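Chemist: Got two chains here, separate frames each, mind docking them using the hints?
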Amino acid sequence: MTTMTQRPNLSKHVNELLILARLRVGPAHGYEIALAVERDSNGAFSFQHGTLYPILHRLEQERLIRGSWEGEGRKRKTYELTPKGEAYLKGEAREVKTLFLNLIRVLEGPAHALG
Amino acid sequence: MPSAESVFKDLNARLDLPARRRALLLRELRADFEDLVTTLVAEGLTPDAAQQKAFRLLTPSPDDAGALSGLHRTRYARLVSRYRTARVQVVERVSIGVMAALAVGAPILALAGSSSLPVGTLAVLGLSATLLLANLAWYAFRIVVRDDADADSLAWAGMIQAALLVLTLSAGMLAVSVNAVATLSSWEASGGFTFTQLAATMTRCAETVALTLGLTILGVFGALALLQWHLSARTVEEELRALLSPAFDPEEE
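Here the protein sequences come in this chain order: A and B. Residue 0 is where the first sequence starts when you use numbering that gives the first Met the number 0, and the numbers rise one by one after that. Residue 0 is where the second sequence starts when you use numbering that gives the first Met the number 0, and the numbers rise one by one after that.
Excised from the complex, chain B in its bound form (with noise of 0.2 angstroms):
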């Protein structure tokens, strides 16, 4: 006869879902599967004999295991799980990619037809700008929307672009601002400014700041909410590693 822990470890195999859905189903059948043991043997049963009608009433089969998983995957999942995943993949990555472009590319874009910045250097800062920021969604849909099984694994990466997205975004915020000075300065050198061309600099400065300001605290919430699950799934694992230990025992959970 298997061991309880040889049979859960296999079911945690045969779960298609994230490890925090994993480690909830798990517990409950776990501590289900431990506490019939102890009613079955306090009846009367042989430990050996409570353990096999344990096994035999509690534990999912593999068909029963894959129609768990199904139902703990998010509504979105099961909707798109009868497409191909390539597909649907490439249809996500995309629209995440064009609204990342509107959200970011489009508005610096537009700030290099007004600014006196570079146009190469505002084209590079909107381009690193919607690649992070679009990869930055493409895991938050997958940890949020998609929930996919592998989506524990994702936060660190997520970080990663996040802190890349706010650095790339102040160096932005430090280019604009130097150029806005460097300009002020080199009208001055040749016989000074008025205040139409003060305002209108300031104003193009302020855009820009703006903008990147806001995209900067969006990826410094993206950091923290990734930081958190991050920690989450720590915490989640160590509860999964308990749960397939051998000798785990409920009272003590």
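So that you can see chain A by itself, here it is in the shape it has in the complex (with noise of 0.2 angstroms):
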């Protein structure tokens, strides 16, 4: 398992699992995308000033994602989860839910722990 402290930027794996996880609910534009991330995170994520687009080109770059142009004329973006994705969301985010329960653990000291 990787420690936190080997993790080299734990709020962009953060970010780029935020996406994932929206798109496993169905096809998105980018917009719809930050805008739901948002909102199911009670704002407690939010991607600020344009660092949902590099992420989600570096997911399209490694296949994670797929992006496709849609429309006659009206030419929108729009992401899906791959099935590469989809593997690659379900081992991380068993990887970060492990990570996080012992953060927590840490934080809330050995007598919590205890009682």
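Keep in mind that the hints were calculated from the coordinates and are not lab data. Predicted model, so just to flag it, every value in this text is computed and none were measured. Any given hint might turn out to be false.
These stretches of chain B come out as covered by chain A in the derived footprint (C-beta under 8 angstroms, 3 or more residues) [as the list claims (entries may be wrong)]:
| no. | stretch |
| --- | --- |
| 1 | 33-40 |
| 2 | 57-71 |
| 3 | 119-131 |
Partner residues are not named here, just some residues of chain B that face chain A (Cβ under 10 angstroms, in silico) [stated by the list, open to error]:
| no. | residue |
| --- | --- |
| 4 | LEU10 |
| 5 | ALA12 |
| 6 | PHE54 |
| 7 | ALA232 |
Idealized CB from N, CA, C, for every residue including glycine.
Modeler: Here's what the structure looks like:
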């Protein structure tokens, strides 16, 4: 398992997973992803000033998501999760869950853990 | 609050990419931006508040524009970005020059040894063809492999190089043919020529013509490819202008 200190940029990694998690629900445009992440997390997570697009395009290059242009004349880019992305999300979500459970356990202290 | 037009113009200036790639990015960002504003207004936000929120969520900061540019460069461009540009360009130019010299210069100079065509004529022909082919290959390399930010502006210069290459090679072919006829005529005048002499002259002539014809066809295809590139670049420029105009309407795209 990767440790917290081994993660080069945890917030970036979490943003990746938030995008993948939104796309698990179904295909979406970039703005729909940004809006859904902010709403579903009650504002705890938000893509500030275009951090969304570099992550989206990197995930697309890594074939974890697939982008396609839709519309005659009216062109919108829609993203969907690929099978590779789905498998990646499953594995990473499990790892992040373990990571955060361990973090909470440490933050709450041994007394809390005992009892 | 800045207008959407000025924000996207600023972003366009910060993206260090050729127009084609910038247009694709801006098409996505601008359409998303307009759709998000429409959605938020429909949900009850004022147009100003909706626009402010859309700016916050979607428009990339200078750092993110840099990250986007990096992601959309070609693999080769990303690979060499860690080295000094001037040094990389010298290596690229020398490599392309050597390849062009091998492809054109060497066979033509070899022909000079066996042809009755004046060595000076063949040398000028070989050198011009090598330089023009090297330049053409350099433009093609910058457009296809490096995908430079100014790649779209290279098409015209490339087409001129290709046209000059075709003209030079056509002149070369003409010179070789005229020379072969002149040689045969001079032999005829001084008492005739043998079948061996005729065959040798025709073989040398055919070798030169085959080489130059091959390169001429290459030049014509190069020019056509560049013309196609130039025409598509104009379409992209038009799209960019529409994307950066204040009256952009995604429905009319």
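Chemist: Find the hints from earlier in the document that the structure breaks and name them by number, from lowest to highest.
Modeler: Of the numbered hints, 3, 5, 7 do not hold.
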